[in-house]
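Visitor: Sequence:
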Amino acid sequence: MGYHTLRQCVDDLERHGQLLRIEQEVDAHLEVAEIHRRVCEAGGPAIYYAQVKGCRFPMVSNLFGTIERARFLFRDSLERVHRLIELKLDPAKIFKNPARYATTPWDALAMMPKLVNRACITAHQTTIQQLPHQVSWPEDGGGFITLPEVYTEHIDQPGIRRSNLGMYRIQLTGGNYAPDEEVGLHYQLHRSIGVHQAAAQRAGKPFPVNVFVGGSPAMMLAAVMPLPEGISELTFAGALERRRIRMLRQGNSLPIHADTDFAICGTVDPGKMLPEGPFGDHLGYYSLQHDFPVLRVKHIYHRPDAIWPFTVVGRPPQEDTIFGQLIHELTGPVIPNVLPGVHAIHAVDATGVHPLLLAIGSERYMPFLAAKRPQELLTQANAILGQGQLSLAKFLLIANHADNPNLNIHDVDAFLEHILRRADWTRDLHFQTNTTIDTLDYSGGQINAGSKVVIAAVGPTQFDLQDQLPASLHLPDGYRHPRLVRPGVLAIEGPPCHPPSLDYSAADEAPGKDLERFCATANDSLNAFRLIVIVDDSQFVTESLRNFLWVTFTRANPATDLHGINAFSQNKHWGCRGALVVDARLRSHHAPPLEEDFATSRAVDALGVTGGPLEGII
Numbered sequence: 001m002g003y004h005t006l007r008q009c010v011d012d013l014e015r016h017g018q019l020l021r022i023e024q025e026v027d028a029h030l031e032v033a034e035i036h037r038r039v040c041e042a043g044g045p046a047i048y049y050a051q052v053k054g055c056r057f058p059m060v061s062n063l064f065g066t067i068e069r070a071r072f073l074f075r076d077s078l079e080r081v082h083r084l085i086e087l088k089l090d091p092a093k094i095f096k097n098p099a100r101y102a103t104t105p106w107d108a109l110a111m112m113p114k115l116v117n118r119a120c121i122t123a124h125q126t127t128i129q130q131l132p133h134q135v136s137w138p139e140d141g142g143g144f145i146t147l148p149e150v151y152t153e154h155i156d157q158p159g160i161r162r163s164n165l166g167m168y169r170i171q172l173t174g175g176n177y178a179p180d181e182e183v184g185l186h187y188q189l190h191r192s193i194g195v196h197q198a199a200a201q202r203a204g205k206p207f208p209v210n211v212f213v214g215g216s217p218a219m220m221l222a223a224v225m226p227l228p229e230g231i232s233e234l235t236f237a238g239a240l241e242r243r244r245i246r247m248l249r250q251g252n253s254l255p256i257h258a259d260t261d262f263a264i265c266g267t268v269d270p271g272k273m274l275p276e277g278p279f280g281d282h283l284g285y286y287s288l289q290h291d292f293p294v295l296r297v298k299h300i301y302h303r304p305d306a307i308w309p310f311t312v313v314g315r316p317p318q319e320d321t322i323f324g325q326l327i328h329e330l331t332g333p334v335i336p337n338v339l340p341g342v343h344a345i346h347a348v349d350a351t352g353v354h355p356l357l358l359a360i361g362s363e364r365y366m367p368f369l370a371a372k373r374p375q376e377l378l379t380q381a382n383a384i385l386g387q388g389q390l391s392l393a394k395f396l397l398i399a400n401h402a403d404n405p406n407l408n409i410h411d412v413d414a415f416l417e418h419i420l421r422r423a424d425w426t427r428d429l430h431f432q433t434n435t436t437i438d439t440l441d442y443s444g445g446q447i448n449a450g451s452k453v454v455i456a457a458v459g460p461t462q463f464d465l466q467d468q469l470p471a472s473l474h475l476p477d478g479y480r481h482p483r484l485v486r487p488g489v490l491a492i493e494g495p496p497c498h499p500p501s502l503d504y505s506a507a508d509e510a511p512g513k514d515l516e517r518f519c520a521t522a523n524d525s526l527n528a529f530r531l532i533v534i535v536d537d538s539q540f541v542t543e544s545l546r547n548f549l550w551v552t553f554t555r556a557n558p559a560t561d562l563h564g565i566n567a568f569s570q571n572k573h574w575g576c577r578g579a580l581v582v583d584a585r586l587r588s589h590h591a592p593p594l595e596e597d598f599a600t601s602r603a604v605d606a607l608g609v610t611g612g613p614l615e616g617i618i
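Each residue of the sequence shown is one higher than the one before, counting from 1 in the working numbering.
To be clear, the hints were calculated from the coordinates, so they are not data collected in a lab.
Keep in mind that the hints are not guaranteed to be accurate.
[What the hints assert, rightly or not] Simulated pairs of lysine to any residue, SDA-like, Cα-Cα distance not exceeding 20 Å: (1) K114 to K298; (2) K96 to E79; (3) K372 to R421; (4) K513 to G478; (5) K372 to N404; (6) K88 to P336; (7) K298 to T173.
It should be emphasised that the depicted structure is a prediction, and the values quoted were computed from it without experimental measurement.
Let the hints inform the model, and build the full structure from the sequences given.
Guide: As C-alpha cells, this is what we get:
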C-alpha cells in the first residue's frame with residue numbers, strides 16, 4: 001500500500017508481524033544503534049522504541065532491514081514503477097500491450113508534486129536539544145540524523161519540480177555548533193546540493209535548506225535515488241507512494257513536506273564552516289573531522305504523533321545494503337540505454353559500494369575479428385567512470401560479455417576468477433592518477449583525492465590459478481604467514497605500519513618503499529599466484545570472501561598501493577610481468593576501523609535472554 005505517513009507504515013508493519021515494540025527505556029547514545037545492528041544482522045523485524053531516555057519522541061529503525069520487507073513496503077507500487085521505466089525505455093510498448101499500461105496515466109500524474117496551503121506539520125515546534133541524539137559508534141563526534149531528507153532548490157530555477165532531495169548526514173550536537181542554533185551539514189562529491197549552494201553563493205543570496213525526518217518510506221528511498229541532475233526526487237517518491245507528494249507553501253521560504261514527521265528549517269551561513277565528525281560510516285571506518293557548511297536553524301516543526309526514524313551505517317552489510325539492492329532492481333534495466341554496450345554494473349557492497357565496481361561490456365564494433373585485447377571495453381569503462389556517483393570508484397573490473405555470456409555480475413567470486421584467468425598485467429592495467437574518489441575514502445591520503453584503475457579482460461583463458469601453497473614458496477625477510485585466499489590469490493602478512501588515528505593528517509609515510517623491496521627480492525615461487533595482497537592479518541582475510549574484499553579494496557589506493565614483481569614502465573604505461581601485488585595494510589593516513597563498545601554490547605546481550613524484548617531474535 002502507499003503510506004502517506006510514517007505512523008501508517010509503522011502500524012501496518014505491526015499488523016503484519018513485521019515490527020517489534022520495545023517498551024522499556026533505551027538510550028539513543030550507543031544502545032539503540034547496537035540493538036539495531038544486532039537485529040538487522042539477524043534479519044529481524046523493524047524496531048519501535050517507545051521510550052527514549054531524556055526524549056519525548058519515540059524512535060523506529062530497521063524499516064528496510066530485509067529485501068523482503070523493503071518490497072513489502074512498496075508492494076502496490078514497485079510493479080507500476082517498473083512499467084513506467086519500461087515506457088521510458090520504449091514508449092511504443094504502450095501500443096503493443098495497452099492493458100499492461102492501463103494505469104500509467106494515473107501513475108504519471110502521481111509523479112507531479114503539488115503545493116498545499118494547510119498541513120499539521122507546522123502545528124508544533126521543538127528544539128534541537130529535545131530531538132533524539134543518536135550516537136552510533138563510540139568515537140562519533142556527537143548526535144547525528146542518519147535518515148535525513150535534505151531539500152533544496154536552485155536559486156536560478158526555483159520550484160518543487162526541479163528541487164533536490166538528498167540524504168546528507170546532519171550533525172545535531174558536539175563540535176563547536178552553537179546549541180539549539182546550529183547543525184552541521186555534510187555532503188560529498190557529485191551531490192546536487194553542491195550545485196545549489198554554489199549558485200546561491202554566486203548570486204550573493206542566502207541558501208535556505210529544509211531537513212525532513214520521517215514521512216513515508218517513499219521519501220526516504222527517493223532521497224538516496226541516483227536520479228539525473230535537474231530531475232526532482234519528489235517525482236520518484238510520488239510514483240512509489242502512488243500519490244502526488246504534498247509540499248506545504250511557506251510564503252517566501254522553502255516549502256515543507258506536508259506529511260513529514262519533523263522539519264528542520266534554516267539557512268546555510270555563507271561565511272561559516274565548522275569541523276563536522278568524526279562519524280562511523282558505510283565503508284566500515286570513521287570519516288574524520290573536516291570543515292563543512294553550517295545550517296543556522298530557524299524553526300523545527302513536528303507532527304502531533306511524530307516518530308523519529310533512524311538507521312545505522314558501518315561495515316557492510318547494513319540496512320543501507322537493502323537500499324542499494326532495491327535501487328538496482330529498479331534501475332538495472334536502464335543501464336544499457338544510458339551506457340551503450342554495457343550489459344550490467346555491480347557496485348560491490350562488501351567494499352562499501354564505491355571502492356569496487358564490476359562491469360560487463362562488449363566488443364561490438366568489429367564482430368568479424370576475435371577480440372585479442374580490450375578496445376571498446378576501455379571506452380565503456382571511461383563512460384562508466386563519467387557517470388555521477390559511479391565516477392567515485394577506485395577499482396573498475398570489466399569483462400567482455402561474449403567471452404562468457406552466462407557470467408553473473410553478482411557472483412563476485414566467479415567474476416574475479418574470470419578476470420584473473422584473462423587479464424594480462426603487462427597490458428590491461430589502466431590508471432587515472434591525482435583524481436577524485438569518495439569523500440569518505442582515506443586511502444589516498446587526502447580528502448576527496450586518490451586514483452583509479454581499470455582492469456579490462458578480453459578473450460579466452462590465458463592463465464592457470466594456483467590452488468595450493470607450493471612447497472618452494474619463499475618470502476622476503478619481514479613477511480610471514482602466507483595463506484591462500486582463493487585460487488590464484490595469496491594473502492601475506494607484511495611488516496606493521498603506523499596505525500591510523502582520529503587525528504587526521506596527510507600521509508606521513510613514504511608509500512610503497514617496503515613493497516618495492518618485496519617485489520625486488522621476491523622468489524619466482526610467488527609468481528605462481530596472479531594476485532598477492534599484503535595485509536596485517538592474513539587469517540582474517542582468508543576467513544571469508546567478504547573479509548578479503550573489504551580489506552583489499554577499501555585500504556588500497558591504486559596509484560600508490562599497486563605493485564608488481566618484475567614491474568616496468570613504458571611510454572607512461574605501467575605493468576608487471578609477474579604477480580600483481582596490492583598493499584592493503586592499515587597506515588597512519590587511513591581512518592580507524594569501527595569497533596563496538598564492549599559495555600553496550602553486553603547490555604544488549606541481556607535483552608536477548610529469556611523474557612527479554614529481543615528473545616529469539618538476537
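Visitor: Can you list which hints this structure breaks, lowest number first?
Guide: 1
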